[in-house]
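Each protein sequence line maps, in turn, to chains A, B and C.
Its first residue numbered 1, the first sequence is counted upward by one per residue in this note's numbering.
Its first residue numbered 1, the second sequence is counted upward by one per residue in this note's numbering.
Its first residue numbered 1, the third sequence is counted upward by one per residue in this note's numbering.
A few of these clues could be false.
[To be verified] Computed list of lysine-lysine pairs in DSBU-like fashion (alpha-carbon distance at most 30 Å, straight line): (1) 116/A with 268/B; (2) 121/C with 7/B; (3) 233/C with 193/C.
[Stated by the list, open to error] Label pairs and their in silico Cβ distance ranges: (4) 22/B with 126/C: 30 to 38 Å; (5) 5/B with 72/C: 44 to 52 Å; (6) 155/B with 257/A: 42 to 50 Å; (7) 119/A with 127/B: 36 to 44 Å.
[Unchecked claim] Computed, partial: chain C to chain B, Cβ under 10 Å: (8) 81; (9) 112; (10) 113; (11) 222.
Because the hints were derived from the structure by calculation, they are not lab data.
We treat Cβ as the ideally placed atom computed from N, Cα and C, and that holds for glycine.
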Amino acid sequence: MENLKALIQRQSGNIIYRFASIKKLLNFDKILKISLFISAALVLGIVLGFVVTLCVASFDFLKSLGFSSLLKDTWNPLTDEFGASPFIFTTILVSSLSLLLSIPFSLSIAISLSDKKGNKLLQSFLNTSLDLMAAVPSVIYGFWALFTLSPLVRLLQTKLGFAPMGVGLFTAVIVLTIMIIPFSAGISREVIKLVPQELEEAGYSLGATRYEVIRSIILPQAKSGIIAGFILSMGRSLGETMAVTMVIGNFNAFPKNIFSPANTISSLIANQFNEASGLHQSALIFLGLILLVITLLVNLAGAFILKGSRR
Amino acid sequence: MSIKTRKKKDKIFTLLVMFLSILTILPLFLILLYLIKAGFSALNLDLITKVSRPIGERGGALNSIIGTLIISLLATLIATPISVFTGLFIFEYRKKVVSKILNITVRLISGIPSIIIGIVVYLWMVKPLGKYSALSGSVALAIMMIPNTVTSTVETLEMIPIGLREASLALGASFAKNITKVILPLSIPGILTGVLIGLGRIAGETAPLLFTAFGNPFLNLNIMKPMDTLPLLIYNYALSPFEEWHKIAWGASLILIFIVLILNVLAKWIVSKWNR
Amino acid sequence: MESIILTIKYLNVYYDNHQILFNVNLDVPEKKITTIMGPSGCGKSTLLRTINRMHEITNMARTEGEILLKGKDIYTMHPEELRSRIGMVFQSPNPFPHMSIYENVIAGYTLKGIRLSKVDKDEIVERSLRSVGLWEEVKNKLFKRGTFLSGGQQQRLCIARALAMRPDIILLDEPTSSLDPAATQKIEELLMKLKDEVTILLVTHNIAQASRVSDYIAFLFLGELVEFGPSTKIFTTPENPKTEEFISGKFG
Numbered sequence: 001m002e003n004l005k006a007l008i009q010r011q012s013g014n015i016i017y018r019f020a021s022i023k024k025l026l027n028f029d030k031i032l033k034i035s036l037f038i039s040a041a042l043v044l045g046i047v048l049g050f051v052v053t054l055c056v057a058s059f060d061f062l063k064s065l066g067f068s069s070l071l072k073d074t075w076n077p078l079t080d081e082f083g084a085s086p087f088i089f090t091t092i093l094v095s096s097l098s099l100l101l102s103i104p105f106s107l108s109i110a111i112s113l114s115d116k117k118g119n120k121l122l123q124s125f126l127n128t129s130l131d132l133m134a135a136v137p138s139v140i141y142g143f144w145a146l147f148t149l150s151p152l153v154r155l156l157q158t159k160l161g162f163a164p165m166g167v168g169l170f171t172a173v174i175v176l177t178i179m180i181i182p183f184s185a186g187i188s189r190e191v192i193k194l195v196p197q198e199l200e201e202a203g204y205s206l207g208a209t210r211y212e213v214i215r216s217i218i219l220p221q222a223k224s225g226i227i228a229g230f231i232l233s234m235g236r237s238l239g240e241t242m243a244v245t246m247v248i249g250n251f252n253a254f255p256k257n258i259f260s261p262a263n264t265i266s267s268l269i270a271n272q273f274n275e276a277s278g279l280h281q282s283a284l285i286f287l288g289l290i291l292l293v294i295t296l297l298v299n300l301a302g303a304f305i306l307k308g309s310r311r
Numbered sequence: 001m002s003i004k005t006r007k008k009k010d011k012i013f014t015l016l017v018m019f020l021s022i023l024t025i026l027p028l029f030l031i032l033l034y035l036i037k038a039g040f041s042a043l044n045l046d047l048i049t050k051v052s053r054p055i056g057e058r059g060g061a062l063n064s065i066i067g068t069l070i071i072s073l074l075a076t077l078i079a080t081p082i083s084v085f086t087g088l089f090i091f092e093y094r095k096k097v098v099s100k101i102l103n104i105t106v107r108l109i110s111g112i113p114s115i116i117i118g119i120v121v122y123l124w125m126v127k128p129l130g131k132y133s134a135l136s137g138s139v140a141l142a143i144m145m146i147p148n149t150v151t152s153t154v155e156t157l158e159m160i161p162i163g164l165r166e167a168s169l170a171l172g173a174s175f176a177k178n179i180t181k182v183i184l185p186l187s188i189p190g191i192l193t194g195v196l197i198g199l200g201r202i203a204g205e206t207a208p209l210l211f212t213a214f215g216n217p218f219l220n221l222n223i224m225k226p227m228d229t230l231p232l233l234i235y236n237y238a239l240s241p242f243e244e245w246h247k248i249a250w251g252a253s254l255i256l257i258f259i260v261l262i263l264n265v266l267a268k269w270i271v272s273k274w275n276r
Numbered sequence: 001m002e003s004i005i006l007t008i009k010y011l012n013v014y015y016d017n018h019q020i021l022f023n024v025n026l027d028v029p030e031k032k033i034t035t036i037m038g039p040s041g042c043g044k045s046t047l048l049r050t051i052n053r054m055h056e057i058t059n060m061a062r063t064e065g066e067i068l069l070k071g072k073d074i075y076t077m078h079p080e081e082l083r084s085r086i087g088m089v090f091q092s093p094n095p096f097p098h099m100s101i102y103e104n105v106i107a108g109y110t111l112k113g114i115r116l117s118k119v120d121k122d123e124i125v126e127r128s129l130r131s132v133g134l135w136e137e138v139k140n141k142l143f144k145r146g147t148f149l150s151g152g153q154q155q156r157l158c159i160a161r162a163l164a165m166r167p168d169i170i171l172l173d174e175p176t177s178s179l180d181p182a183a184t185q186k187i188e189e190l191l192m193k194l195k196d197e198v199t200i201l202l203v204t205h206n207i208a209q210a211s212r213v214s215d216y217i218a219f220l221f222l223g224e225l226v227e228f229g230p231s232t233k234i235f236t237t238p239e240n241p242k243t244e245e246f247i248s249g250k251f252g
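Please construct the entire structure, taking both the sequences and the accompanying hints into account.
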């Protein structure tokens, strides 16, 4: 409050002084307003620019080989074959599997964090841990997975009679699951918190146990928000590059089983873009455009449902 | 169902939830422990004083550390004014459609896969100029920072009480003076939080730099030339077959995680102090 | 002499180390309307919630003393069992939005996984809705969401939901404070009819309402039970000067 008084006093003093130089004032005003406009235009321009740039750069590929060639199975830049269906398939497969795997964990954390009877210390510990997990850079997840997870996967593969490669779909799905849990748990936690307390109380007052209240009241109420959270986290995982690239095995074919090495769109681009030129580069860029479109659609769907759930 | 059975179900559920929750955060501690174990031995003076050297010679990560600092700071310098002004715009014209469109746009940008941002900035800056550069890397990272900073700017502005907002306007001050003398000073903590969170995010980014800053085994301070960062170093060294380089990568990972942690803690601290 | 259904003995309640109720002693008569009356924020809701152990939902409340339901210490049973025998209606109507009217009424059973035949369920729903006077109004839209009803109807739905369990007591925490006068009147009339079936314990800060519906009044002030007695006595010849001051509107 003191600050405000001093501020207003200073302002009044300023006004009187400024009457003498109104012209200066007007210019500053204009400059600021123009800056605002330019910045906003820039931001709008970024998205448009992205789409346009990617379209233009894909043009070469589309003109020479056509869209349908992308849907073939074989990717061999040396022979101008750019069949990318293995990568589109793997991208969606890896993201979907990670999403499914993350559901029980995300829900559990969200439920633990919304327990009003819960140990407050434990809850803030979980919260902080979740935030930290979200902050760990992707490349470190990949590094760790490469040196810790893949030896374990190799053991598993030997036991089950598979080739002990350590890298492949399985490892990639596991590390991706670990990475998206903080995100979907965060959204679930917020959505569950939004369930009105009166509803919970009504449930308890009828004599329900906590499990019954969660199962029959809280989760059904929060259902659409939780689903939106999962869709959004899938949107996040579609674009995840580094950790996946490091453990997926860089193999350009359809995965034969859960342990096969493979490539997602982003890991393919990460591996090949710098050495690519001409048609090869154009094909990769077009794939990138496809990835962008899929990701944006998934994110839009998730955001739309989330908004709807908040009514 | 008897009350005993129901209570049992409740108990089992509680235990299951607790178990899964702990399992969820277990990887964090596994990673931290492994990093400390593997990276601790690499944490020597060499790491931060020497630059990368070919295998066989004792090298360090100095060029990557400096690169991370330069590229991140440059990205912040580029992103912050644009984001703050855009945030001001959105707030000032919040009743108009254009602000809603901007909000959606910002949301869209935050959903763009980071590797795609790398491709586009490559096409905008690297291909035409014919070379990789730290500047192009900063531009890519700046684009990634914009959504965070815009959102926190708008949220901060919305939290300023209407009375304070209009006070100086009522006294006849201009739009610009109101902004610079009243609104911005009040918003600094909130905006700063957004910047710090964005910084924490981009300091650890690798994908957008793969085709822009590209990396550089030598110490380079010229932003028009390729530059190395800690994440790039970790990526390249981790995938190499050399034990020596793996060690350096672990050390670099420790430093990187430390930087990211500090930024996050700082952001949280500002938020808590600001909430008074 | 009235038969006593609920006995509260030397009840002290602390919330977060802050004492809210001081040595409350109260005998609630069976099948009557007992109103806990007093100015806002003096512990009335706390007292109510202690009776069905709802204060345990968060872990910041602590109680001392004894509460006996039909002679049995409420702490010797599972809270879920206790709450099945005591119904509660809240200040703002809170029907479950994702359930139909039918499902709301029967929620006390379905939440707990109690399997009932369709015939039994129909019977319970009709009986409960009839006793709150909603049956004729909603019998053709039983499967619509409860949230489409008016505020007063929603509150009656919540009462029906509580009644479906055939509780011994119903606790009502300022049930009409969010309703318009017409709806309020309907509910007051309903309560006076219901007391023949179930004991009613009502909390209100509205003196006029207390005088209209109550058989017995407990005046609670700053966490202490200042006076208890038949309604007519409290309103004509109160014993405690504070009670008199409150009734004559000296403080609200």
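Verification of the supplied hints:
1. For a cut-off of 30 Å, the pair hint linking residue 116/A to residue 268/B stands: about 23 Å separates their Cα positions.
2. Among the hinted pairs, residue 121/C with residue 7/B is consistent with the structure: their alpha-carbon atoms are about 24 Å apart, no more than 30 Å.
3. As the CA atoms of residue 233/C and residue 193/C are separated by approximately 22 Å, the hinted pair is consistent with the 30 Å bound.
4. Remark: the range hint 30 to 38 Å for residue 22/B to residue 126/C is contradicted by a beta-carbon distance near 48 Å.
5. Between residue 5/B and residue 72/C the CB atoms are about 22 Å apart, so this pair departs from the stated range of 44 to 52 Å.
6. Between residue 155/B and residue 257/A the Cβ separation comes to about 47 Å, which falls inside the hinted range of 42 to 50 Å.
7. A C-beta distance of roughly 56 Å is found between residue 119/A and residue 127/B, which places it outside the suggested range of 36 to 44 Å.
8. Nearest Cβ of chain B to the Cβ of residue 81/C: about 6 Å, under the 10 Å cut. The hint holds.
9. At its closest, the beta carbon of residue 112/C sits 6 Å from a beta carbon of chain B; the interface hint therefore holds under the 10 Å criterion.
10. For residue 113/C, the interface hint holds, the least distance from its beta-carbon to any beta-carbon of chain B being 5 Å, beneath 10 Å.
11. At a threshold of 10 Å, the smallest CB-CB gap from residue 222/C to chain B is about 32 Å, leaving the interface hint violated.
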